[in-house]
Structure formats: C-alpha cells, structure tokens
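So the chains spell out like this:
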Amino acid sequence: MTTEAVDAGRRGNRRERGAIRRALRGALRSWRGRIGLVMALAVLALAFLGPLVAPHAATDFVALPSSPRGPGYPLGSDGLGQDVLSRVLLGGRKLLLLAVLSTGLALVLGTLIGVTAAYRRGWAETALMRGVDVLLAFPQLVFVLLVVSVLGTPTWLLVLTVAIAQAPQIARVVHAGAQDICERDFVQAVALWGVPPRQVIARHVLPSLSTPLAVEAGLRLGFSIVIISGLNFLGFGVQPGTPSWGVMINENRLGMASNPWGVVAPALVLAILAIGTNLFTDAFARAAFGEDRADDTVIGSGMGATP
Amino acid sequence: MTAQLESPAAPTTGEPERIRAAHPILSLLLNRAGWGVFSVLVVSVIVYASTLVLPGDAAQAILGQQATPERLEVLREQLGLDQSAWAGFVHWFTGIFRGDFGTSLSTRQPVTELLGPKLLNSAALVLVAAVVSTALGVALGALTASRRDGVLDHVLGIVALVASAMPEYIVGVFVVLFLAVDLHAFPAISVLAPGQHIWDEPSKMVLPVLTLTIVVVPYILRMCRGSVIEALDSDYAEVARLKGVGGRRLLYRHALPNALAPTVQVIGLSLIYLAGGIVLVETVFQFPGLGLALVDAITARDVPVIQALVLLLSTCYVVLNILADVAVLLVTPRRRLPR
Amino acid sequence: MSTLGAVAPATTGLRVSGLTVVGKSRRTPIVEDVAFELRPGQVLGMVGESGSGKSTVAVALLGLARRGLQIAAGEVRIDERDVLALPPGQLREARGSLISYVPQDPGAGLNPGHRVGWQLREALTVHRGVLPAGQSVDDRVLEVLAEVGLPADPELLGRYPHQLSGGQQQRVAIAMAFAARPRVIVLDEPTTGLDVTTQRRVLDTVRELTARHQVMSVYISHDLAVVAQIADRVAVMYAGRLAEIGPAAQLFADPRHPYTAGLIAAAPSAVRATTLEGIEGRPPRPGAWPAGCGFADRCHRVQPDCRATLPELVTVGAGQEARCFHPVERGTFKIADRPAAPQVPDRGTVLEVRNLVAHYGAREVLHEVDIDLRAGRCTAVVGESGSGKTTLARCLVGLHDRWHGSVTFEDVAIGPRPKDRSTELRRQIQYVFQNPYASLNPRMSVGQNIEEPLRHFTRLDRRARRDRVESVLSEVALSTAYADRMPDQLSGGERQRVAVGRALTVEPEVLVCDEITSALDVSVQALLVEQLRRLQHERGLSLLFITHNLAVVRSLAQDVVVLEGGRVVEHGPVETVLSDPSHSYTQKLLADLPDLGRTEAVAS
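Chains as they are written, first to last, in the numbering used here: chain A, 184 to 490; chain B, 75 to 413; chain C, 841 to 1444.
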C-alpha cells in the first residue's frame, strides 16, 4: 500500500470514542445546527407547553366561522368558529409523541434486521434483505394508507405501521454500514478468537454504527412527522374534532380566502419543525462525516424515504 | 527497449466483446425483473389478504348497519367471499390479466374504466414534473458545482435544504396561497369536467407540477452538485488539468460524464418518489389522478378500487426501480463492460 | 546510467528556486524553499516519506496547488521560461506540452468514463502546434504507444481504463505524458503498487525515453532503491524542505545529512543481511514546524544550535548539499551487518502444512502447498500479488475456509474455521493484519484493544489485565501512556506495534504476519522488523512472515518459501535461496529488484 493511501485510510477511519458527542458539538458550532435546533425546540416547546397556555378549549365557539383575527382570537377562527391559536397550541403533542415512538421502534426493527443480515451472511442475509426489498416495493404512504383503511386507526397500530414503513430503509442503511464494519480487520480479529457473534455485534459492530444511526434517527424522525401529519391531512388517524395540525391544514383550506391563518399557522409550525429537524441532522452529519459524505447520506435516505 | 507487453486482459477481437458487453445489462435486467415480479406477487397477496382481515365480514364492514341481506349477498359474491380465500385470490388475480379489476362499490363502474383516465392524468403530471425537475436540477447542480463556495452555491444550498425538508402538501398549500389566492395567477384546484383530460386544460397542471418540482429539484441538485464536485476533485480531473485541459472542457467532457451515474440514479429515485408523492399533492389540488382516487376509495372503503390502485402504484414503483438500475449501468462503462 | 551529462548551454535546463507552497487560510508552509537544477536527459530522484511534501512539489512544478493550498513563491524555469509566472491561458497551454505529469495511481488518474484512445488523443488535441506538419494525431498516438511498449493496436485504444492491467494503465499514463514531447516530465510515484517485474520495465522505459528525447525527468518516490536505479541526481525531502541533494551514487554512498543516513540504514537489502536501524518518532506536522531544524527531535547528532536556527543548505561535497549544522563526517557512513541469529535448539516443526489446496469461488488459488514452520524460527512466504500468499495466511488462521489438505499444529490437525478449532488452538496461533488503520477498534483505547483477547481467553481480573497490557506495551517499545490513547492518535507504525502487542498478550506459539510492513515508511518498517527479530529471539516465538518484499526477508527471516501462481517454486534457508536461487522465477525476482546495496557496490 502506498503512503498516500494510508493517509486516506487514516482520514476514513476517523471514528472513535465519543464520536457522537463530538459530532453534536460540531453541529452546535455551525449556524445550520444552531438555527435548526432553535427551530425544532421552539416547535417542541409550542407543542408540549401549548396546552398549558391555550386561551380556549379546542371545541369552544369563539367567533363566526372563518373570521379573520380579532380580540380573544388573534389568529382568527376556523370553519366551525373555533379558535385557530388554541387549536394550533393543542394540536401538536400527539403528533410528536407518535412520531418519536414510531421512529424509535423503526430504528430498533431496522437495526436488528440490518445487523443480523450483515453478520450472519448466507441464506439469512438473502431472506431478510429480500423481505426488505418487497416491503420497499410499497410506496410508504400507500402502505400506511392500506393498513389504516383496512384495520382502522388505533394509536398503537399507527405507531407500528409507520415503524414498519420506515424500518426497511433503516435496515438497508444499517446493512450497508454493518457489512462494511464486519469486513474490517478489527471485527475479523475478534471473530478469529472465537468470540460468539452476539458479543461481536454488541461490542464491536454496533458501537461503530452509532454515528450513522444517529443521523438516520434524525432523518427518520423528520419523515415520521411528515408521514403522520400527511395522514392526518388526508383525514386519517385522528378522531373528528380533535385538533391536529395536519387536519387543520386540510379543513381550513375552504376558508383560506377570509382567514388564511387557519391554514398558514399550522403549516408554518409543521414547516419550521421539519426544516429545523432537517437542518440539525444535516449539521450533525456534516460534523460527523464531512460535507460530501453527509450529502450522500441525507439525499440517499431522503429519496428512498419520503412517502 | 527491454520493456515487453503484458498479456492482454481480454481477447483482442471486437465482436465477442460486444456480445459480452450486453451481458451484464441482460443479467441485471433478468435478475431485477425476477425479483420485481416476485415483489409484485407478494404485494398482491398482501393486498388481497388485507380484505380478508377486515374485522368481521368484509361485506358487512363495508356496507355498515343499514345493509340489506341482498346487497350483502351481492357484495360477498363480488369480493369472492363466497369462495375459499385461495379460490377468491385466484379469481381476483387471474382477473387482472384479463384487465378485470372488478367493479367499484361506490360508483358501480368497472375499476379499469374508472381508473383509466385518472392513470393518464397522473402519468402526465409525473412526466411533466420529472422532465422539468431533471432539467432544472441538473443545470443548477452543475452550475453550483463549477462555482463551488460562491454566493449562488451557498444560497441555492440553503434553499435546497429548506425545500427538501418541507412536507410536499405544505409546499402545495403555500403554492396555492401565494399563486392562486393572492395573485390569482393559476387555478387553485384542478377539478375537471367529466370526459376531460388534464392536458385539455394545461393551466390546471401548473401548480401541481410546480409543487412536485419544488420537492424533487433539491435532491437532484444536491446529488448532481455532489457528484460533479467529486469528479472535479478526482485524480483523473487533476491529471486532465495537468495535461492542459481546463475550464469548460474539464467540466463537460471529464467531470459530467462521470457524474452522470449517481445523478441518473437520483433522477430514477425522484420518479419513484413521484409515484408515491402524488397521493398528497393530488389531494391538495383535487387533481383527478390515481392519488386522489386512492384517498377517495379508502374513505369510501371501496375495496376493489383500493386493491387495484395499491397494486398499480407498487408495480410502477418496482418497474421504475428496475429502469433506474439499468440506466445507471448504461452510463457507467466500468460496471457495464467486463474487465 | 549517465552521470552529469554533457555541459549544455546555460539557457537550456530546468531551474527550480525558492518553491514555496502554503495553506490558503493560515498561510502555513507545507513546502518551503525547494530548489534544484536539471539538464536535458537527466533524471532527478526526489525521495521522501509520507507527509514530506514531495507530492505537493510534484504538482507545484506544473503550477498547480491542490485544494486549500497555494503556491506562495518560487520559480520553475524551463529553458528560461518561468512556468509559475505564466498567465492562466499560457499556463494551461504549457501543461502537457512543455511540462507534463504522470500520476501515482494510473487506475485513478485515467478517466473511467472515456476510452484510452480518446484520452491519449486529447493530450495532443488540447494543444496547438505540438505536432510537426504532416504527422496526424493518430500517427503520434501509435508512435508513443510503441515507445512505451504497448501494441499499436486500435483494439487497445478502444478499451476503457478498467479493462487494462495496472502495468498497462501506467504505460498509457506515461505515453500520455510523453505524447506532446514536453521538455520536463514529473513522475509522481509511478510504480507504487506495481510488482517488481513491472516496475523494472516502467523504470527502463522512463530512463530510455528521457535519454532519447533529452527531456528532464523529476521522479518522485518513497523508495530509495528505485530512485538509486533511475536517478542521476537525488533530492531528499524532509518535513517540506530539502534535507540533502547531490549526485545519486555519491549521495547513497556517502550521505551527509543524518536523515539521509538514517533512511539508507533503514532500507533493507536483498543482497546483504543488514541491521535495520529505524528512526523513532515522526516528522513535525505542517503548522507545527519547529524554529530550528525539522529533524532535530529525531536526530542523534542534535546540538543546541539545531533547535535555535534553521540550517541552510550548505555544500558538503562535489555537487552535494545538506541542510545540516553537524553533518555526518565525510566517508564515515557504514551499514552494520545483521548480527547472527542465536543458535536455538531445534524444537521440531510447530506448524506443518501439507497438500494445501484452496479455492476462491470456482478458481483454485493454492495448489498443493507444503510448508514447515520450525519452532522459534522465522519463515518468510514471498510472492507477488496474485501468488496466493495472503490466501495461504488466511487459510492458516481461519479467515478463509474453502481449503482442503492437512495443517497440523504440534501434530494436532487444524480445522478450516475458527469454530472447528479448540480455544487453545485459537490462542496458540495469532494473526497480525496488513492494514494498521483497520486492525484496531477505533472506538476503543489502545489499552482496551490489547485487553480484548485477555477478556476472551483468560479469567484475569481487571488489575491483572491492566498489568499485562502494560508489560505488552513495553515489549513493543511503547510507553504505558499509550494505553489511554485512541488508535487515531497513533502513527501507522505505532498502531502496527499495538496490533503485534495485542497478538502477544495471550502468549501464542505462532505469529502469522500478513504484509504487516507494507503500509509503513522504511524508517518505521525498520523499527518493526527489529522488534519482531527481538521477540523471536527472546521469546522463542515462531513467525510466519508473509511479504512481497524480498529485501525485508533477508534481514528478518531464517527460512523462505517462494510462491508463484499458488505453487511453491522454491524453499530453503534464506542465505541459500537469496544468494543462489535455483528457480528461474526467484532469479528473475531478484534480478528485477532495485537494490541500494548493489548500487553501493557499483559506486565504490
């Protein structure tokens, strides 16, 4: 091997203890990371603290339908004369909880499948990854819609469905990463001593995947939010009358000419949340892998994943 | 001269070369097609099975409390519930090859007749959006790459990041808000008179196409920029520079051809994305296509239509995936030709 | 080899002076004040280890600075025309026609998206007026192809780079550089990664073309022996500056800068078993250059004034200059022979390989290989790429399981996979990987990495494990402070020592080393080789040393096995096989191998 190649190897291997912490610090030093975090935290605070400060109950009648802003209802009223501001403050908590839960579940499922396939090789790998390919033949949103249309929308089912819709993409990313790690000499060395596979994976393979998994988690959280709110927008996954940003955007479009805030407010909140999450993840990925590889990761996941 | 020739890596005749050159594509095509067919089969089993899973009797669930026994009977027969699950599946599945997806429960039309025009509308929408996005994405990508770290590069980078993060229906809503409600430039919704096609009223296509373009262009732009930069930073680009190649020739003749493969891949992915993305965007604009039809069918629990649509969209997905893979292979001599 | 050529008129030649390259943002010097002169038909060899700045100099000669760098000062005068002062348009015109470049890795240097012929023609068509009237582009392409020893065959021109062998790719790259008949050619490590036979041919070609077309060649390499074979003058780079420059034979026979002397003493020779003296420490990084001499921290002749001021290049002999206040005294440089190995009682064969046949897919890559590793001795397995030497090592340790035949360790048969072997057996045979940058877990500290096998093979408690880690570190000559460092804070040589240490913690009988020095600079390789020899002698360790480098074999091993195409073509004691090879393949390998020892013999 040439000396230059060794230098390249040194750069490529730049992962070590505390890599996640280091990337986080790097992300927080960049403007993307800072702005992104502020945006995401602001929406988070709005969703979780909002119910404490909402001036009205979700279903209170405060003004004539689709009124523009007025005293006591600064963002006007919706098509049923309910307070837009209160409904925005009340309408995000469940969405965020569901998104976090389903993303977490998807990460667990995807990692299990991806790592097992990469380490086991042979028929197990073929079977698992082909299964993943079949699931990928469904457009994500179509898959979720199909399940929801057939089985209805209990909360646990929604979480599970969104998780299953996201897991194959995660499995793919993890599989590719784990394949690379499993072929590295330090993993081979440990395997040569006769250390059992489960221990090799837990001690040597998974820790090396923690940074890409963290990036994946950020991206997936964004997509979970998009899928669930999109589902709400289409009118699924929420009880009628319950405030929800996605539903508000759809319902209030009819009164958009007289009170645009009915649509703009929830759309803005969702957009800020999505952009914030994405900016921060992007900053994190840049800090962890450098600009060029970060781009690939983010684009790769993005295209495969949006519904 | 002491130097001698190494034994050539491949036979020196031109003819067998070409035959073998086609080989990797063919084998890839067969392999992918095989798995594609398998995937679609599994999808169709899942789709059909899902009707059987409906709580209680599917027909009862669909028609609800006010169902008369006669209507239930008719529906059961239609859904194949009077047969065994397997026979029902075979009946439904073989029907597909005769172009028979069953009859819509809500409109009583044959599904094919119902969906045919919508398929054309959606295809037109996706096609136009794909062409516009590809042209725009590749052009902007190459431009920003060649002026790396310039003002335009930074600005477009931020715009792309923001646009790609936005959920597409929110992009759609904002587009409506600015261009239809505020400016009255284009119709906010794309509802058509019966018998009309979308290309009869192109103005109704502008906003949906714009929305899809806004969503897709960032990905193509970033990928194209990234791969052009990678190519410009590569050893072969350096060697070309040191050979006296510069400026445009370096970009167009050396960098772009090698940046093509990842870009083609992401264009393929964009098309695939569009096949699923139309659901939300069509709903925003009430665009008479497959996506809106799916949402309507699910709302109405119109099982035969749901089955047909899910199968159709999944098939598009699979076919586009295969086409993308083949296209990537075609523009990568290193993978296309034998060593 | 021609020595200083006929005196040419003062206006022709290459004169580089004050060449300085800095980082763009902080103006950190990367390369400083590089200067040399060259006459038509001469080759300048530029030697340096990784990070010495030699590659940066290579492209700077063509007026190019890599991303983030900038040429801050200097002149590159070719026949009195200063390349660095040319406006952009003329500079582009000069590149390829006045001065051209051959990249290190032709596989990456050729554009994968275009046919070879297209790229060759482009070297001519981007310039105006490089062809004499009446010669077409295609004629010239065929002419240069013949010059570099490739067939003038349209079929070859129609191939893509990936369809050529490494040697053919390099020939194409050289043809491309010579195509427009430039005055100067810069070759940046063009033979790295090629087998010695191919390397020999490339070197011959370059030298011949340099003489025939009276061009001036700058040949950059990390390999002293290669440079000794091709260069008329040699420049030694260290930490971005010239350490020494002079006529090749004179410089190698009588190096005056301590670094040059150290490099030569560290380079192994296939014709003579020498003690390899490594150089501890590593060069200062750009931005952390000391005020005085960059080599002071690693130099054993260092005096206080070395650290205070930067020495200038001073004349130390005829045409020889060194950047040193206290150079090695003239004519005192000597290389010590290798001390005779202590006589070890013959404890018999520890690892016996019989009729080993291994497959990769459907292909048989090892054919009935027999090897005996005697206890307490070092057996080297030598072969070029594709000889199956690495597969052999991987079969023995359990990384490759598609083989049959018999392998016994102390008369116990060994199964193909780790799980077919007893824990004891897995402990007794340890393996050290080729790439020091991949063999340690980057997320664990050095100490944790070394501890890993102890956790698995022993029941030692935390304290006892820690003690073992420290004793192992001292055995591979690293201080205990290294236990808490992370692998990426270590140099390649240090990592490789840690990898050896990790293998030693469980006190194996056999250590299988797979090309473990191939990624290292010679000064670092020397340290590792000496350490292995000490371990072998002091611990009675049996070593199976896989390598492509015959010279290292001479310095380290007692027995040698030569593999060609998966077959053992020759084996026996090192002295016998290397001094008096009986098989034609071994003879050829030795003949093609560039060697400093031989040059030295010729010079004196």
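Hints should not be assumed to be uniformly reliable.
As the list claims (entries may be wrong) - Chain A is faced by these chain C residues, among others (derived, beta-carbon under 7 Å): (1) P1258; (2) F1273; (3) A1278; (4) S1279; (5) L1280; (6) N1281; (7) R1283.
To be verified - Derived DEER-like restraints, expressed as beta-carbon distance ranges: (8) B:R327 - A:T309: 48 to 54 Å; (9) C:A973 - B:L210: 46 to 52 Å; (10) B:A374 - A:V283: 29 to 35 Å; (11) A:T309 - B:L210: 25 to 31 Å; (12) B:G224 - A:G209: 19 to 25 Å; (13) A:L334 - B:V233: 38 to 44 Å; (14) A:G209 - B:S180: 38 to 44 Å; (15) B:R322 - A:P251: 53 to 59 Å; (16) B:E144 - A:G253: 51 to 57 Å; (17) B:R322 - C:R1325: 36 to 42 Å.
Keep in mind the hints are simulated off the structure, nothing from the lab.
Note that the structure is predicted; figures quoted are calculated from it, not measured.
Beta carbons are placed, not taken as given, at the ideal position from N, Cα and C, and that holds for glycine.
Checked hints:
{"no.": "1", "hint": "P1258", "result": "holds (5 Å)"}
{"no.": "2", "hint": "F1273", "result": "holds (4 Å)"}
{"no.": "3", "hint": "A1278", "result": "holds (4 Å)"}
{"no.": "4", "hint": "S1279", "result": "holds (4 Å)"}
{"no.": "5", "hint": "L1280", "result": "holds (6 Å)"}
{"no.": "6", "hint": "N1281", "result": "holds (4 Å)"}
{"no.": "7", "hint": "R1283", "result": "holds (5 Å)"}
{"no.": "8", "hint": "B:R327 - A:T309: 48 to 54 Å", "result": "violated (41 Å)"}
{"no.": "9", "hint": "C:A973 - B:L210: 46 to 52 Å", "result": "holds (48 Å)"}
{"no.": "10", "hint": "B:A374 - A:V283: 29 to 35 Å", "result": "holds (33 Å)"}
{"no.": "11", "hint": "A:T309 - B:L210: 25 to 31 Å", "result": "violated (40 Å)"}
{"no.": "12", "hint": "B:G224 - A:G209: 19 to 25 Å", "result": "holds (24 Å)"}
{"no.": "13", "hint": "A:L334 - B:V233: 38 to 44 Å", "result": "holds (40 Å)"}
{"no.": "14", "hint": "A:G209 - B:S180: 38 to 44 Å", "result": "violated (55 Å)"}
{"no.": "15", "hint": "B:R322 - A:P251: 53 to 59 Å", "result": "holds (55 Å)"}
{"no.": "16", "hint": "B:E144 - A:G253: 51 to 57 Å", "result": "holds (55 Å)"}
{"no.": "17", "hint": "B:R322 - C:R1325: 36 to 42 Å", "result": "violated (49 Å)"}
When held up to the earlier numbered hints, the structure conflicts with 8, 11, 14 and 17 and fits the remainder.
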